[in-house]
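Protein chains: 2
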Amino acid sequence: MTSFGFSLLGNDGGARRGRLTTAHGSVETPTFMAVGTAGTVKGLTPEMVARTGTSIVLGNTYHLMLRPGAERVARLGGLHRFMQWPGPILTDSGGYQVMSLAGLRKLSEAGVEFRSHLDGSRHMLSPERSTEIQHLLDATITMAFDECTPFPATEEVAEQSMALSMRWAERSRAAFVPRPGYGQFGIVQGSVYPELRSRSVAALTAIGFEGYAVGGLAVGEPQEEMFRILEHTTPQLPTDRPRYLMGVGKPGDLVGAVARGIDMFDCVIPTRSGRTGQAFTRQGPLNIRNARYAEDTRPLDPDCQCPVCAGGFSRAYLHHLVKAEEMLGPMLLTWHNLSYYQDLMAAMRSAIDAGAFSAFQARFAADQSRGIDP
Amino acid sequence: MTSFGFSLLGNDGGARRGRLTTAHGSVETPTFMAVGTAGTVKGLTPEMVARTGTSIVLGNTYHLMLRPGAERVARLGGLHRFMQWPGPILTDSGGYQVMSLAGLRKLSEAGVEFRSHLDGSRHMLSPERSTEIQHLLDATITMAFDECTPFPATEEVAEQSMALSMRWAERSRAAFVPRPGYGQFGIVQGSVYPELRSRSVAALTAIGFEGYAVGGLAVGEPQEEMFRILEHTTPQLPTDRPRYLMGVGKPGDLVGAVARGIDMFDCVIPTRSGRTGQAFTRQGPLNIRNARYAEDTRPLDPDCQCPVCAGGFSRAYLHHLVKAEEMLGPMLLTWHNLSYYQDLMAAMRSAIDAGAFSAFQARFAADQSRGIDP
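Protein sequence lines correspond, in order, to chains S and P.
Using my numbering, read the first sequence as starting at 3 and increasing by one per residue.
Using my numbering, read the second sequence as starting at 3 and increasing by one per residue.
Derived by calculation from the structure, the hints in this document are not laboratory data.
Here the structure is a predicted model, which is why all the values come from computation and not from measurement.
Dumping the calculated DSSO-like pairs for lysine-lysine here, alpha-carbon to alpha-carbon at most 30 Å:
| id | chain 1 | residue 1 | chain 2 | residue 2 |
| --- | --- | --- | --- | --- |
| 1 | P | Lys325 | S | Lys325 |
| 2 | S | Lys325 | P | Lys44 |
| 3 | S | Lys325 | S | Lys252 |
| 4 | P | Lys252 | P | Lys44 |
| 5 | S | Lys108 | P | Lys325 |
| 6 | S | Lys325 | P | Lys108 |
| 7 | P | Lys325 | P | Lys44 |
| 8 | P | Lys252 | P | Lys325 |
| 9 | P | Lys325 | S | Lys44 |
| 10 | S | Lys44 | P | Lys44 |
| 11 | S | Lys325 | S | Lys44 |
| 12 | S | Lys44 | S | Lys252 |
Could you put the whole structure together from the sequences, leaning on the hints where they help?
Structural data, given as structure tokens:
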């Protein structure tokens, strides 16, 4: 059996090149995880996902526990078999989603009681139940159950929230059933307060996890604030464990976070944007609904080799599909966007390998500010 | 340049094996054309369409003239390039759709005035304009503009309607610009009246087309009535031209119509059913929304080798996707259904080649009546 592990292959300044080894295959880092909320990356077959260069996907505990249900997924052979994604899967803890259910949830030391957004039925998520659900789903990487501290929060509120998350991290670790090739990540909290972030890192590393996530960012704070917290936090994390920045982000966020020592990301932006008509390109984003694209025969991004751009689909065609509300519009835009994200990650990995990450950053920023030709 | 042609390769009773040769490639017949209404087979990339075994797709003049517009498609290089389908494309004449716009259209000898269902704008379709639009779209096969006679219709109404369609067929032929590898089909009308069908065939063959369609069927009449009209009509059509039964049908309709000398079909059933949760199988249809499939680990059709069934997607997973309203549900069901239809066509072609079409028909009927195992 493969044991779960992370090899730091090299670094260029703060940027790290690594390899994650799991029961379901290995992952070159820095990596971007495609979000597959309810057991599917929306609008793509697993084969299409794989063709973007994605090697690990994320599943949502909250959505899957409600439908189709964790015990059902377990009876069906686990999430990999269920959704036909044989590669690694990371599941979140459900904490973030249930905290977002304003008015429908009740927080206590034990965990969170909440009502389903689907049918109003009552449920409970706790460190123990969240960890059990992720086990039932057969997650390659299980996340500790935590409270995502709201933003903004006073230092007092942030301190109490972080302390609760650390007690929950201990209970999550105790509930985790170790298996070869599987791992569990703790989540650093502490909002924008460096002292709290340091205490959170100390608490988690004392428990000991296979990886560490930075949580509670990308919740509305400015990008500089996020970068400042990363610069404070990542140097305190063990170098031999992967670091995952949760819910981030836009292309520029990824580049800046890699420069600050992050190895893993997940975000709905490339997939959700694809469903609303936004495409990412090497010259910045474009909205394909814009009438200027109605007779534009160019691909979304002339420098892109993805199946959409290299496949000959023009901006004019994508404009038509989106205006006509044809399913193929979101499918192709999502496919391109996810490919764009994975190309960006691959370019960063190459730049780190070549010791040229600073030059990459400068070129990336210049390209993005060029803007799309009319 | 390839010239447009049809070779009759053989027959088995009334069933015919043929090959259509066009500027955009050849098509083995009997064939099923996937419906790509607005420049896309809903929910499938062109590559996915090709993997079902589809070799010719259908586009709708009515939808495309309104959005994105025929002149625009022409400026963008034609429909093949626009939708990235390099193979043959047949376009309908728009007649059927505009006749369906009850209250929004006005019929005269000249043609049909109508208002767009999208924005209420006024348009005119005539034999000349329909033929011009199909030329602008770069249709491999252009259909004559006709009136699809309503059902039921008295013999007097059916006679007037057919006579109008025959005058329009002459005008359509006069407006058609011949190009090597491109063809135009006339459409036999006459409702359920054999004498009218015979007069329609005589009128069309006197004009002379590259192929002949049987229209005005599958409009609500019983299957026996449709078969009776086919038995009367197809023997009068020239054997060296392809015969296309428009808008048909369910699997059993296809088998019965091939037995009666039809070479080409189109129908929204496999694609539309895929979007509503119905799957076709060798044991008959199933509705994946049914709770009995929630933990059914079998593929939709255990005897199917399509990318969905052979790809390991279970009924349980498809049930989940459809219940959760995930795009991937309709995508996979459509992919399977279109594959099922193309497998059925391929099986019929093999049976005709082997001189075993009667045995095939008997086995098909027995299989379909077996029903899906609970």
